[in-house]
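Participant: The residues making up each chain are set out below.
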Amino acid sequence: MDKARFKDLFDQYYEPIRNFLYYKLGDIDQAEDIAQEVFIKAWNKKAEINLSTVKSLLYTIANNLAINHFQSAKNKYEFHLEDQEKPSSETPEYQMEEKEFAQRLNHLFSELPENQRVVFLMNRIDDMTYGQIAEQLGVGVKAVEKRMHEALKFLREHIKQKI
Amino acid sequence: MNKDTFIQDWMEGKITPEQLEELKSNPEYEGSIRELNQILKASSQLTPPKKKDKQQAWAELSDRITEGQSEKAAKVIKLNRFIKLAVAVTVILLLTVYLLLPSTTTFTTLPGEQLTYTLPNGTKVTLNAASSISFSASQWDTERKVDLTGEAYFDVTNGKPFTVATRAGNIEVLGTRFNAYHRSGTLRVSCFEGKVSVSSKSNNTVLRKGQMSEIKNNVLEDPKEFDVEKAAAWRTGEFYYENTPLTEVVYELERQFNVEININLNSKRHYTGYFSNKDLDEALKLVLLPMSLKYEKAGSTIEVK
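Residue numbers (the numbering used here), protein chains in the order written: chain A, 102 to 264; chain B, 5 to 309.
These are computed hints drawn from the structure, not numbers from a lab.
Since we're looking at a predicted model, the values are computed, not measured.
Hints are all accurate, no fakes.
Heads up, simulated DSS-like pairs for lysine-lysine below, C-alpha to C-alpha not over 25 Å straight-line: (1) Lys213(B) / Lys149(B); (2) Lys56(B) / Lys142(A); (3) Lys54(B) / Lys177(A); (4) Lys56(B) / Lys108(A); (5) Lys147(A) / Lys88(B).
A few chain B positions that, by computed beta-carbon distances, are all more than 10 Å from chain A: (6) Glu22; (7) Lys28; (8) Glu176; (9) Val210; (10) Asn221; (11) Asp226; (12) Val232; (13) Tyr244; (14) Thr248; (15) Thr251; (16) Gly277; (17) Met295; (18) Glu307.
If the Cβ cut is set under 8 Å, some of the chain B residues that face chain A in the computed set are: (19) Glu39; (20) Leu40; (21) Ile43; (22) Ala46; (23) Ser47; (24) Thr51; (25) Pro52; (26) Pro53; (27) Lys58; (28) Ala61; (29) Trp62; (30) Val91; (31) Val95; (32) Pro124; (33) Ala141; (34) Ser142.
We treat Cβ as the ideally placed atom computed from N, Cα and C, and that holds for glycine.
Only chain A is shown next, with the shape it has when bound in the complex (with noise of 0.2 Å):
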């Protein structure tokens, strides 16, 4: 494999690799430092790549040197909203909601148990399907499914008072 269809997994995965560690560690440095090394080991192992399964390769290096790191002290969540055209139907107090709303999800995430905070935001940010994730993280589906419904469970439980 030469520079360039390297540079090509590179542009296909450092976002989800690098939101992975985020959704991890809660703690944006980190993430993207880890994240430079998960593609720099995967480099100096590029004679075994093998495209197929390539991504679950960087996954298992990206959740292997995150566990080396201490869970950062930080572990604070700061997403923010998606800039999106906002039908004019929605009034600027609607848009305060859920800045709120957002503000609310953030700080029950950091509550949130890790493995089911990592497979919420891999579903929901990144898009990925039950399946998907479950062979990113080396996990039956069921056990996706069953942290998929704890995270939720929890955040409806608790978005009402907590801010």
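Given the coordinates of chain A, assemble chain B onto it according to the supplied hints.
Facilitator: Same frame as chain A, but now just chain B:
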């Protein structure tokens, strides 16, 4: 049904639209469904923070890696053709299993609710009250198809063909904006930009900007002009009608205000006029008084005499 397993069943698509309607009418579940929808919707609009973009990250990485170690190992792989074959077979098997697994995503609005969603290809869909769309996220790359019941306005991102399927007929587009209304077996499509192809079981027509068509009882009518200003005004809460069956208008009132209207309908009557979903009393007056109908309101039930 137990409240705990209900969330799971709902997420796995095991709850039929009929069951969901039933659950929504149960106050105990209605709030839950609304909250769950809100959480799912809001969380899919979140974006992770970013200190450096992909280009910067690549520039940094590019400095740290060097070329020229791959040839030797490439030969090793060639020797292991059997392993390659085994991996290929495994991948095909996994892929087959994965494609066969149903994973349907459904977006639903309750009576009195309108919501806008973004689909994986960037297409924006605004759902009118008591409507739903569903699609298979896992097969999205090969088939961009959504199933629609109710009414929705689509702003389709340019790209691969996009299909809206209903029981009455299908709509196919490239990049365009259009409104689709599918209720009581009727499909009505209005094209706001670009071209839209509408097909019933036996027929097919192409709509251009400013044209609409209807499929009713499996008959596809010829395209005709419509008022672009009014046809999708529902997105701002305004509803315009021109010689529309009164039944259709009354059903829309019920959906917009989440009320029950008991009316002995002579379905041959037609209504021309307007109402807004901001004020129930005013809307009732605007629709019923011109038809010489008197009504009495008790809670969320309206008796029309």
